[in-house]
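First to last, the sequence lines map onto chains A and B. Using our numbering, read the first sequence as starting at 1300 and increasing by one per residue. Using our numbering, read the second sequence as starting at 19 and increasing by one per residue.
Source of the hints: derived by calculation from the structure; they are not laboratory data. Predicted model, so just to flag it, every value in this text is computed and none were measured. Fair warning: there could be bad hints in the mix.
Cross-link-like lysine to any residue pairs, in silico, SDA-like; alpha carbons within 20 Å at most [to be verified]: (1) A/Lys1529 / B/Leu67; (2) A/Lys1529 / B/Asp105; (3) A/Lys1529 / B/Ser50; (4) B/Lys47 / A/Lys1325; (5) A/Lys1325 / B/Asp105; (6) A/Lys1529 / B/Val66; (7) A/Lys1503 / B/Ser50; (8) A/Lys1548 / A/Glu1479; (9) B/Lys119 / B/Ala98; (10) B/Lys47 / A/Ile1535; (11) A/Lys1529 / B/Val60; (12) A/Lys1503 / B/Arg56.
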Amino acid sequence: MLSPGVQLRANPFRMFKNQGIGVGLKPEYYDHFLSGPPSSVQWVEVISENFLRWKNGILASEPIQTLEKIRSHLPVRMHGVSMSIGSTDPLCPDYFRNLKEIVGRIQPEIVSDHLCWIGVDGQNLHDLLPLPYTEETVKWVSNRILQAQDMLGRRLVFENLSSYVEFEQSEMTEWEFVSEIAKRADCGLLLDINNVYVSGSNHKFNPLDYLKNVPHERVAQIHLAGHSVKPDGFLIDTHSHPVCDDVWKLYQWYIQKYGVQSTMVERDGNLPEWQELEAELIHIKKIQDVVNAREQSPAVAATI
Amino acid sequence: MQESNLRLLQQQFKNDLFKKTSNVLAELKNDSDYSAARRMSVYRGTIVLTIEYVAGDFSTLEQLVGQKRLHELIEEFLRAEPSETADMSDISPRFPIYLAKHHDRKIAETARYDWAQVLASTEFETDLQHLPISELQDLDNSQLVLTPSLQLFESPLAVNKDLAEIPTYLALRLVDDELNIDTLTAAEFQILLALKSDVTLPEILSRLEGLNSTEAEVSQAFTKWVQNGTIIGFRIKEQL
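Just need the whole structure built from these sequences, with the hints factored in.
Below, the structure is given as structure tokens:
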């Protein structure tokens, strides 16, 4: 058990509570959750778009009912991929109306999306696309987040992207860009450490510089995931492999330095058996135990 | 940078993804390890994945025109009538309608057949209302109706075999004939949906439960098509 001092150290000034360990829930794993959650999981994250009204405004009843059953056992966090907060198209009222309806029904702990754009001129490109890191983009995006938060009536959380290009016109680093938007929009940050690692490798920056300089008090959640390595060494954020050793090390470094926060593993491709995925959740717990033990006693930690 | 510059950048980015004229590469940083073009290819890869995702719903059309041409048709469609939402399942139903507007009827209706197959495999209760008939009928002055004939892939003699043995060998080709989507019986429609996959007569009949179609009706429909020449016995690729 942590001493009160350690508890305080672990969560000194955060805007979002630590809910423990979660997982990105896929239909393939529903059976493990419907009759009660596995002990390794304290919350789940679902993709918001899988529960919205798309076709003819009809809400698919089976997915939402399944989610409600799971919600009766576990906290749910909703993670979107199509808010397109960085687009220069107007925010889509239908999307927000639909999202608000589902949010009202599921009552998720967190509603998040990505700091990106996904389309322009009314065209959805089905990808999370990067922005130039400029003052004007910061202003544009933070104003849009404020609007989005007003429409949904709650604080939103935005995830840092993995990116593959950088724009010549960028005036600041990605972590400066992310931090400035989070502060101006008064929103939360979903810190994806794999994305930091992938972008760091592709753009030749030190991931620790990134992790040191985000607004830690705004970190609502941490994502861990695997990536693919192309033959030329380029990294692609595919979520189709286990979390790599370097990302585990970065995670341990981050929570050692800034405290434990809600953490989950994302897996969207090459889905393994549940037990294999669960092993990664157990590994998160092990790292957190090491960090907590070091807080209490470096000597004890050495035995873990 | 003004908002309009960000918009211009996003439009250039989008155009580059669809291989339209674009200056976006000049806006990207190059380095000694990875060129701007290499970096953009990652995003281009998502478009390719989208095309492959849609192509997976149109296997008969792929047999008809080949993979390369099918991918070209899908990309042309995505450029002309892009997705407006994140719902990728919204793409395939619109593809046959686009083809009917802009391409050969054979291609368009083969795509419609493929989409009907997808619906039949995913929605047990498939009925005529799932086909996008109304949009097709509104396109022009020609009478656009589902005019399928059934074609034997392997053996012209298959039409003389027992009905239960036949479906394995059948695929759909579209030629002008007397079949009209509006006048198809439930039994006829179920045969059309079932023919391309390895579905036997008892399975067809099981699908007809609740539709008040009997084995006799199915046999009658099939016999009628054989007799009036709707079923033609040669390979589709040889014919083309």
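Comparing the hints with the structure gives:
Only pairs whose Cα atoms come within 20 Å are accepted, and lysine 1529 of chain A paired with leucine 67 of chain B is accepted, the gap being roughly 16 Å. Restraint check for lysine 1529 of chain A and aspartate 105 of chain B: the C-alpha separation of about 28 Å exceeds 20 Å, so the hint is violated. Among the hinted pairs, lysine 1529 of chain A with serine 50 of chain B is consistent with the structure: their alpha-carbon atoms are about 17 Å apart, no more than 20 Å. Restraint check: the Cα-Cα separation between lysine 47 of chain B and lysine 1325 of chain A comes to about 37 Å, which exceeds 20 Å; the hinted pair is violated.
Note on lysine 1325 of chain A and aspartate 105 of chain B: the hinted pairing holds, with a Cα-Cα distance of about 17 Å set against a maximum of 20 Å. Proximity of lysine 1529 of chain A to valine 66 of chain B is assessed by CA-CA distance (about 17 Å); at most 20 Å being required, the pair is judged to hold. Note on lysine 1503 of chain A and serine 50 of chain B: the hinted pairing holds, with a Cα-Cα distance of about 11 Å set against a maximum of 20 Å. Straight-line distance between C-alpha atoms of lysine 1548 of chain A and glutamate 1479 of chain A comes to about 26 Å, which puts the hinted pair past the 20 Å bound.
The straight-line distance between the Cα atoms of lysine 119 of chain B and alanine 98 of chain B is roughly 12 Å, inside the 20 Å bound, and the hint therefore holds. Between lysine 47 of chain B and isoleucine 1535 of chain A the CA atoms are separated by roughly 18 Å; this keeps the pair inside 20 Å, and the hint holds. Between lysine 1529 of chain A and valine 60 of chain B the CA atoms are separated by roughly 10 Å; this keeps the pair inside 20 Å, and the hint holds. Among the hinted pairs, lysine 1503 of chain A with arginine 56 of chain B is consistent with the structure: their alpha-carbon atoms are about 16 Å apart, no more than 20 Å.
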